[in-house]
Amino acid sequence: MWLYQRMLQYPVKVSGPNPALAKNIITQYGGPDGELSASLRYLTQRYSMPLKETKGLLTDIGTEESEPYGCQFL
Amino acid sequence: MSKQKEALLREIQELQFTTVELQLFLDTHPDDQRALADYVEYSKKLQELIAQYSKMYGPLIGYGVTSEELDKGYRWIDSWPWEDLGGKR
Numbered sequence: 402m403w404l405y406q407r408m409l410q411y412p413v414k415v416s417g418p419n420p421a422l423a424k425n426i427i428t429q430y431g432g433p434d435g436e437l438s439a440s441l442r443y444l445t446q447r448y449s450m451p452l453k454e455t456k457g458l459l460t461d462i463g464t465e466e467s468e469p470y471g472c473q474f475l
Numbered sequence: 052m053s054k055q056k057e058a059l060l061r062e063i064q065e066l067q068f069t070t071v072e073l074q075l076f077l078d079t080h081p082d083d084q085r086a087l088a089d090y091v092e093y094s095k096k097l098q099e100l101i102a103q104y105s106k107m108y109g110p111l112i113g114y115g116v117t118s119e120e121l122d123k124g125y126r127w128i129d130s131w132p133w134e135d136l137g138g139k140r
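Chains as they are written, first to last, in my numbering: chain A, 402 to 475; chain B, 52 to 140.
Hints were generated in silico from the structure; no laboratory data involved. Since the model is a prediction, treat every value here as computed from it, not as a measurement. We treat Cβ as the ideally placed atom computed from N, Cα and C, and that holds for glycine.
Reference excerpt, derived from the structure (chain B facing chain A, CB under 8 Å, subset only):
hint	residue
1	R61
2	Q64
3	T79
4	P110
5	L111
6	Y114
Looking at chain A on its own, in the form it has when it is part of the complex (with noise of 0.2 Å):
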C-alpha cells in the first residue's frame, strides 16, 4: 500500500499551459529513465543488498525518488 502526502515537496505555482514543458516533465516523471522507474528499481534492488547500510539507503532513496507522486510506499 502507499500513503500520499496531500502536498507538494516544493511549491509550485502553475502561471499557464506550456505543452513543450509538459511534455519534458511527464517524460522525466514517467519516461524510460524517469522518476518512477528509478524509485521501482531502487525499491525492487533493496532486496539483494547484502549490507543493511545500503539497504536502508535503497529503500530511502527509492521512497524519496517516488515523491513527485506525493506518496511514501508503505
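Given the structure of chain A, go ahead and fit chain B onto it with the hints provided.
Only chain B this time, still in chain A's reference frame:
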C-alpha cells in the same frame, strides 16, 4: 490559500527536506551522534507542525496517520493544497 497557511506549509516542506537528507545520511553513518541529534530535533519539530497544520486546515496524510482533524468532520476533499497556491489549473 492564506498567507499564514502557505507559510506553515512552507515550513513543513523545509523540515521534510531536512529530515529526508538526514535520514539518507544516517543510513550510511548510523553512529554519527551529531546527525542523529539533528534528526531527532527536526523530526519532533516536523511532527508538531504537521499536527498543528492538520488541526487548522485538515489532514496532510489520510488513512488514520494524522487524526487531529477528525473532530472537524469530513474535510479532506475540500481542498488540495497544490491547487490552492494561486496558480491556474
